Structures are given as C-alpha cells and as structure tokens.
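Colleague: Read off the chains here:
4 protein chains.
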Amino acid sequence: MPLTSEQQAEVDALRNTRNQTWRAVAPGLEEHLHKTHNVLDHGFIRVIDYMGDDAAICQAARVSYGKGTKSVSNDEGLIRYLMRHWHSTPFEMCEIKLHVKLPVFVARQWIRHRTANVNEYSARYSILDREFYIPAPEALAAQSVENSQGRGQVLSGDEANRVLEILRSDSSRCYGHYEEMLGADDHGKLGLARELARMNLTANVYTQWYWKVDLHNLFHFLRLRADSHAQFEIRVYADAIGKVVADWVPLAYAAFRDYRVGGVNLSAKAADCVRKMLKGETVTQDVSGMSKREWREMCEALQI
Amino acid sequence: MPLTSEQQAEVDALRNTRNQTWRAVAPGLEEHLHKTHNVLDHGFIRVIDYMGDDAAICQAARVSYGKGTKSVSNDEGLIRYLMRHWHSTPFEMCEIKLHVKLPVFVARQWIRHRTANVNEYSARYSILDREFYIPAPEALAAQSVENSQGRGQVLSGDEANRVLEILRSDSSRCYGHYEEMLGADDHGKLGLARELARMNLTANVYTQWYWKVDLHNLFHFLRLRADSHAQFEIRVYADAIGKVVADWVPLAYAAFRDYRVGGVNLSAKAADCVRKMLKGETVTQDVSGMSKREWREMCEALQI
Amino acid sequence: MPLTSEQQAEVDALRNTRNQTWRAVAPGLEEHLHKTHNVLDHGFIRVIDYMGDDAAICQAARVSYGKGTKSVSNDEGLIRYLMRHWHSTPFEMCEIKLHVKLPVFVARQWIRHRTANVNEYSARYSILDREFYIPAPEALAAQSVENSQGRGQVLSGDEANRVLEILRSDSSRCYGHYEEMLGADDHGKLGLARELARMNLTANVYTQWYWKVDLHNLFHFLRLRADSHAQFEIRVYADAIGKVVADWVPLAYAAFRDYRVGGVNLSAKAADCVRKMLKGETVTQDVSGMSKREWREMCEALQI
Amino acid sequence: MPLTSEQQAEVDALRNTRNQTWRAVAPGLEEHLHKTHNVLDHGFIRVIDYMGDDAAICQAARVSYGKGTKSVSNDEGLIRYLMRHWHSTPFEMCEIKLHVKLPVFVARQWIRHRTANVNEYSARYSILDREFYIPAPEALAAQSVENSQGRGQVLSGDEANRVLEILRSDSSRCYGHYEEMLGADDHGKLGLARELARMNLTANVYTQWYWKVDLHNLFHFLRLRADSHAQFEIRVYADAIGKVVADWVPLAYAAFRDYRVGGVNLSAKAADCVRKMLKGETVTQDVSGMSKREWREMCEALQI
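Keeping their order, the protein sequence lines are chains A, B, C and D. Under my numbering, residues -9 to 294 are what the first sequence spells out, in order. Under my numbering, residues -9 to 294 are what the second sequence spells out, in order. Under my numbering, residues -9 to 294 are what the third sequence spells out, in order. Under my numbering, residues -9 to 294 are what the fourth sequence spells out, in order.
Keep in mind that the hints were calculated from the coordinates and are not lab data. Since this is a predicted model, take the numbers as computed values, not measurements. Treat the hints with care, since some could be wrong.
Just so you know, same-sequence chains aren't split out, so a pair can sit in one copy or run between any two.
[To be verified] In silico EDC-like pairs for lysine to aspartate or glutamate, Cα to Cα no more than 20 Å straight-line: (1) Lys179 <-> Glu136; (2) Lys282 <-> Glu66; (3) Lys25 <-> Glu(-4); (4) Lys233 <-> Glu271.
Start from the sequences and build out the full structure, keeping to the hints where you can.
Modeller: Structural data, given as structure tokens:
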C-alpha cells in the first residue's frame, strides 16, 4: 500500500473539500487531483496542483501573435501549428505539480531534467521507510547482447530466483543495519547520524518528492522517458504521467503524440534518400553516405 | 485607458464565471484575479492565474523534512526558518502568471530575469498601438551628479517643458512614420514589412506580455527591482506586484520583507567593526579595512 | 568602422600576446580570436574566449558511457551518434564567449534565448553612440502577403527612397534630441537622467554585449536563427557565428548540419503517408489526416 | 589510489603537452590543470578546463558600465563593488570544468545545483568499480540531539567498530552480489541487465562525473556547501574546490570570502536591535520581535 493510512485520510479530506475559483479549470485533470496512481510495487504519482489548460496555451500564443489568431474555432489548429514549428513558450504557460514515490535509482535519472522544481524527502532529517523495489518476474531482464544500455530476454528459473533472493535479502539486511546504526539506547549507545547511516541503503529503496514542471519541459521529459530506449522503471512513471496529461490538455497532448512521439526525424542524408526513392530511384546504403547503423534505423522507421 | 473595451468585456466575463476546483485556493489573490492595476500612464499588471499559497510552501518543506515539521500550528515559524536559511526550493512550489503592459525600455530590464516564462506581443506579426510613456512631472529627473546610474533633482520650468515636448513629438512623429511605411495602398505601394517598420519606434512605446514565474524567483525580482537603486519606471511595477503578493502569500511576504528587503548584509569586515563597537570600542574607517564608500554605506545602514 | 581605434589597438595587442596553456586548444578557433567579423552596417561578432573542442565532447561522453567508447578512431561516429539520439549534455561541455554589436530590435529577439550569460552595455550608466541600422537596398522588403511574419518582394523606387529617408531622419533627429536632453550646461540646465533620455532612441540604434553560451544551446540558437523563417537581421548574425563554429568544432558542426539543419521532421501522420508511398500506394491530402498546410509543407520538404 | 594507472598516464601526457593560445590565461589555475586533489578515501577533484580570470570579470563589467570603469588600477575595487551589490552577471563570464569522483549519496546532494553541466558515469552502460566510502574514525559522528539534520559527538569504542564493520561488510557483500548477478557464463546464465543490477549497490559506492559551472553559480555552491551546516562529506569537496578557486581568481575569491562567507545577514528586526544597541540602549529578546532561536543566532553572530 503506497500511501499510509494517515496520507489516505488527507487525500480523502482534500477530495471532500471543493473550492470556488476565478481561475480556469481543466475538468479532466480535476478528476485526478490528489488521487494516487500506483506505479511499480510501492511507488505512485499523484497530482497535487496545476495551472492552465489547452486554452491557456492559445491565450498566451495570441498575446504574441496578436489579432490574427483571435478566432476561437481553431484552438486545435493553433496548438498543432505551435508544436510543429517548435514555438515552445506558450506550452510553458501550463504548470503541474506531482507527488511522486520512486526508487532512488530512478530518482537519479529523473533529476537530470533540470528545468523543474523539486522538494525531496530528506534522509538527513528523517528516517526512510523499509520499502524497496523488487522487479516483477516479467521485468527481470538480462543484459542485451547488442545494446550496451539495453535489456535482452527475461530471466527465468534458477537464475531469476537467485536474483530475486539477492535483491530481497541485501536490501533487507542493509535496512536492518541502518536501523541498528541509528538506534540510540539508554545504555550509552549514541546512534549514528542519519546523514551517515543512509549510505548503507541500497539504490532500490524508495524516496519521494514533489516535482513541479511546466508543460513544455514535461513534454521533453515524456519524449525521452516514455521512449522505448528509456529504462523500464522510469518509463512506467512517464506512461502514468502521460495518461494524466492526456486528460489535462487533450489538444496539446494529441499534437505532442503526432509531432514528437510518433514522428520520424530524417537527417539531411536520409531525406535525400527518401526523395530519390519517392521518385522511383533505387538507393542503397553504400551510396547513401549513411553508416550501416543509420541506414538500418531509417529502414526500420520507414518500414522499407 | 489601458484595457480596450474588448479586453474589459473579457475581464468582466471571466469575473462572472466562477468554477469549482479541488485545488488549494488563496482567497486574497482570488480577489485580484483578472482585474487590472494601473501602472505609469498606460501600463498595468493583472493576475491571470496562480498555483499554491502559504500552505503549499509548508507542504513541500514537510515532504523534505519529514515528520518533525508536521504540526500545523507553526506555519509562520517554518516559513520564516526557510527564508532565513536560504531554503529556496519550497518557495518555488508557488507560481503566478501576470499580464503586463509596459514600455519597451522597461521590458528590456525586466527580461534579464531569465528564470521565468514569457510570451510577448510580437511586432513581427502585429502592429503596435500608438501608446507611449511620457513621464509625469515629478518623475522628470536630472542625471545624478554622484551616481552615474542614478537620478538627481527634478527638472522644472523651461527645461522640463522642452523635454516633454521632445518626448511627445518624437514618439508621435516616429509612430506616424511607422504607420506610413506599413501602409500598402491600391496604387502599387507595397508597405514595409512589419518586422522592419518597428525599428522606427522609440523605446517608450508600450508592449505587453504574459509573464509566469515561481515565488522564489519573483522574490528575487522584487528584491532587485523594488529597491531604491532600481529605475523608478520598473520599481512602480515591482511595487504593484509586491502588493498583490502580500495578499497571496501573507506569511511568505512578511518573511521576505523582514529578511531580504529590510535586512542589512554586513561584510566580514563590517561585522568585525560592529562586534567591536558593541563591546564599547571605538572603530574608525582607517583601521576598519573598509573603503570610504563601504564605511559610509555601513554607517548609513546602521544609523551610526 | 565598427571598432573604435582604441578597441582596434586592444585587439592588436591581444593578437600580439600569445600564452602557454595546458588546456586543450582548438586551432581553427584560435585564428578567429579577438578578430571582428562585420555584420550589417555597423555590427560585428568577435570571439573573446572559448573552452573545449570536438575532443572535449567525446571526453565527456566517454565518462558517461565508460570503456565501450574508448577507441579514439571513431570520434566522428560518436559525435554523430550523440547528435542523432539527442544526447545533449556532452555538447554542453564546450563554451564560447562572443562580443556582439547589434541593433536593439535584434537584441530583443536574441535575449529570448535564456540559457546564456550576458553583459550588455548599460544606457543607464553610459551614453550610446550615434549609430543606427539602415537596411541595404536589397534588405528593404515589403510585408509578405501570405505570411503574417514574413517578407515579400523588395521595395524599389520612390517607396524605397521614402522609407530610407524616414529611417535616417527619424533616428538622427531622435539621437540629436537625446544629446540635447542629456546636456547639462553652465547656465543652470541640469540635463535629463541617462536612464530616461534613452527612451527617445529608436529601435535601430546599436547596442553591444558579451554573450557566453554552451555549444548545445548555441546549436539551438543556430537552428532557430539561421533558419529561413528567422528575420534577416538576426540570421546574418547566426550565419556569421555558424562559420566560426564550423572552424571550432568541425565534427560537431557537420553532425548538426546533417541532423538538425538539413533534416526533415515527419509527423506520425506524414510518416504514415511516406511509408505508404514507398510501398507504391497513392496517397492524397484528403485521406492523409493532415491539413492542407501540413500536406503542402511535407510535399515541399520531400520534393513530391 | 583514486586514479587508475591508465588515467594517471593520461594526466602525465596532458601535463607534458603545452599549447599556445591567444586566450587569457590564469597562471594560478594552470598549475592545477589535470592534477588530482584527493578528497575522502577514494574521491578526488581535478581541473579539466577553464575560461576567464579576474580580468574577464572586469572586462564584462566594463562592457556594461562603459567608460566610467576603464581605469585598470582598480580591478579589485570593481570586483568588490560587483560582489557587494549582487551584480552577478560579470561573474558568470568565468567557467570551470572539473572531473570529480564522489560517493553516490554526496552526488545526490550536489546535483541539486541545477545551473551546471554534468556528464556522469552511467551504470546502465558500464560496470561500477568496487570502491566505497568508509568514514575515517573522526568523521563517525552521532546524530545531533539539538539539530535534526546535524551531527553530534564522535562515536568510539564498540559502537564505532560495529558501524565500520556494518558499512564495510554490507557494501562489500552487495558489490559481490552485483558482480554475481551481472555475470553471464557459458552454461546458460544470461546475466542481469546492468541497469537493474546496480540497484543492489549501497549509497556509499563511488561514481564520477564531469561538472562544468560558471563562477557565479560556483560561488553559490561554495556558500551553501563549504558552510558549517553542510554535511561533512560534501564540505570537504567544497573546501578543495575553494582552494583551487582562490588560485584561479584571487580577487573575486577574496571578495566572496568577505561579503558572502564571513558576512552576517541581519533581518530588519535584528538590524533595529543593533541600531538601538549601538546608541547605548538595552534591548532584550522579549521586546525584539524575534523568536528565541533568531535572537540566539544574532547574539552568536555578533558575539554579544
């Protein structure tokens, strides 16, 4: 159970209090507010607050582009135009704040997205809970043999069992020792400083933070982290956030899917090849100027 | 009249529509929403949207510091502690979006605050209005003789009249020529591109933008721009924003006033002098290690 | 003459002093150091300092990716891989500092690139020079009739002459009044504060700044500002910088040209169309799911 | 031994190759280039590259402030003025790049400084070395009883021995299992993906990164991390960097020490008290408007 009963009571109280506001409201996101979406075995995301909606993107763009963009009928077209031409500032006008619980090794990847605001649970001040990420059997993947940062086939049988046994016992033993080191007693034991004791915890221990980000930077996060090359354990967070964003700003999210996620970037050389192919010419890798790897990536993307 | 009648109708419509939300609401700021606060002769600020309140700062701090900070009774103490010890991240959890109309030379100072989101009216796309900042008589200051970036006494009589005449006639003539250059007609005149014609406008022409910023960076803006060393024409904007912030996050704003605005920074050398003075020793500039200017600044700050 | 004789003497002195360093050196960029490259009628760029080279990009990437990337033989391949897969952080390891002289209306576009360091000449402290951008005849373009932010055909004859006359006389008159307002005299005239007097200057007046940026953000600047949609007056600066960058980091610049500048981004819908076309199917706009404008943009990019 | 013999050979080669440059050179920093400064038991910092020196700060400030600041004789005064009045942009004109080896729990604090460029060793791609931070006896501190994020007295005797035994054995066992899980063999064992196996490592394992930052943001880092409230294990890195900076930009570093590190910030209320005390009045905490804690902090700072 990711939330403590105390936290759940807080969520329930918040969901029972509805306020009046003169701000714009995104009905689809209101439904998500405060509720937890479980991710991995003990993690979650939940929306704490937000600002703006699809209309706020258009409103800001119209300040920039003036009267030519006034007609309300084409919000969708305007948003698609902004996304297509990399006009990123109107998307920065929306903001979302999430409460996230996640393993430390995922947090270390996540924090590299610098244009965001973060308050993380401090293990200098407070004691971390006894909660660790242990992969589900289908996530227990071998090292890929082709890709030095990827995963290959799923482990099974004795090897899988041994890995799970190691992960469980090491994190548990380390946590037990963490508690032992912290524990002052009445017989003169002082207890190690929390800021030191935490160094004995393994990287699958859970932490939590508040994370606030604007929509432009969130799309950048989603493009990189909801991608098939991202590590599975951060991708599931990105996927959960993506679903929330789809309900928050449906027009912007659809444009993002079309132009960023599902799109194909052709290099100058690849674009040349495609132009020739479309004219009926036969083009091969050795005359394309592209490396074998680039050629293969292009063929896969275009299903040639 | 800073707002067009069309814009005023929009504001009125927004003020007549009240929505329900599960988000936190800052009652003091709700009253400001959408309304214009006039600044200078044609400028204004108005609050378009916001996220968070004093409680949101504490909420984020408590995620970081854990259970030790749970008691609701001491929100004020917690906020003062955060401000005093430069714990800036919880203040980043609040966000505000303003619509600002301002002269271009003010916009050029303002934009140097990089950690903010901006959508400015584009004079490449659209035609600027015929509105210029002309200083009120009491703002018509001479160059300071002591301070190369400051103002001295107020101009009067013929000199003042001549300055006002210049400012009015030059901005007006330039604007007239701007319109003339833009104007295509039916007799073959093409009209100069808007992105070129704008170069003929003077720096007191008004522009407008949406400006979105978190509370930490807004405090930084206010500390520098509501300061007596800031140019009067940006300070009046900072002052107007300061009043809004006081109604939005009263506890954080009071802490900001106490620790940042009204505070005194002593250098190591100045602190040494003060320590000696408090012990009853007599200290003079020549033994202080401070320059004459630093010594004078310290004496003024401490009213010695 | 963009540089004063005093500045030119400084440049000459710097070029006559060569130092020893244990830092990496980019021979191609050393040749540019301190020299001015003229841009527009009075502007310039010149390289003041830099850090890193192509090898520094690889060095940083190899810290990240470890031993698998050690072979020195494939620096080019590594850099192309990083660019292709949007691994931006190694490019941030190179930094360049430029001295730029540019018209104010260009500076206002430029400054929107926030991830850079800037020190601009302050017209609060100092008096601006009497220098204005007046477009060359071939840059005197009419407003585009199709594109609200673009340029159409070049003005000629009387219309061109009238525009040039306006630009010259208005900037000159405004500058003359600027000097007049500033001028204190011995007969009691105080002189208007510099921070106020500057508001009478037109937006084609030249300013200057030091601008420091990392290579990743510089590429982003170049992609947007050396693009055919950028305003001509900023594009010439981007083009001049691009030539310098080509000499500084030839491998990275070539990769940037191939993957960013000359590349084509296909949306999900456009990619679907291309896949079908490559299989020999006939696809038309009305079944493509794309708007007429998007369809046209795709056809132009692929020369269909 | 923090550097491998291979890395040491690289350093030696770099120190044997001296290049010619037209860039400014900081002689004090040249001496540090490439050399390692050991920190903690296996960590280090070493300078990889840099840009600028004290003169570069003044050069940039003079672009801003114009001719009034031209006299070369007062570089020190100018730098002190900039620091005292929070003119931060000229300090951003200097940049330094460090190679740092540090425990993961230190890296997690360090990375919160967002305005910097980082390339970290990736445990998705590569296998981490068997190196862990084990505190020296004098760093083995108990939890503070007054300060929830601080340290108290040093542990000794059996308690100290038990802590060291735990830290050593847990990190070693976890690392052994990490290797075991990674190990593919010829008998069908696939080996766990590196990106998963790393989660079994404890937070005292060493990582390394390239870290590039401008001087303004580096001073901010040093102010927070070379402070007595910072955790000892990051403070020793900040101290080592501080020594390097003192040799790089001696004038700027001295100003930083005087105005930031050794200075005292008085709140408005505290400044009021000090003014009264300096006039000979007796002021006590209960009439000061300050909390007991603030009062105590002020008395300590001023040695009252």
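Colleague: Hints first: check each against the structure and report whether it holds.
Modeller: Status of each hint after checking the structure:
1. Lys179 <-> Glu136: Answer is between; shortest inter-copy Cα gap is 17 Å, intra-copy 52 Å.
2. Lys282 <-> Glu66: between (40 Å within a copy, 15 Å between copies)
3. Lys25 <-> Glu(-4): within (14 Å within a copy, 40 Å between copies)
4. Lys233 <-> Glu271: Neither: 43 Å inside a copy, 34 Å across copies.
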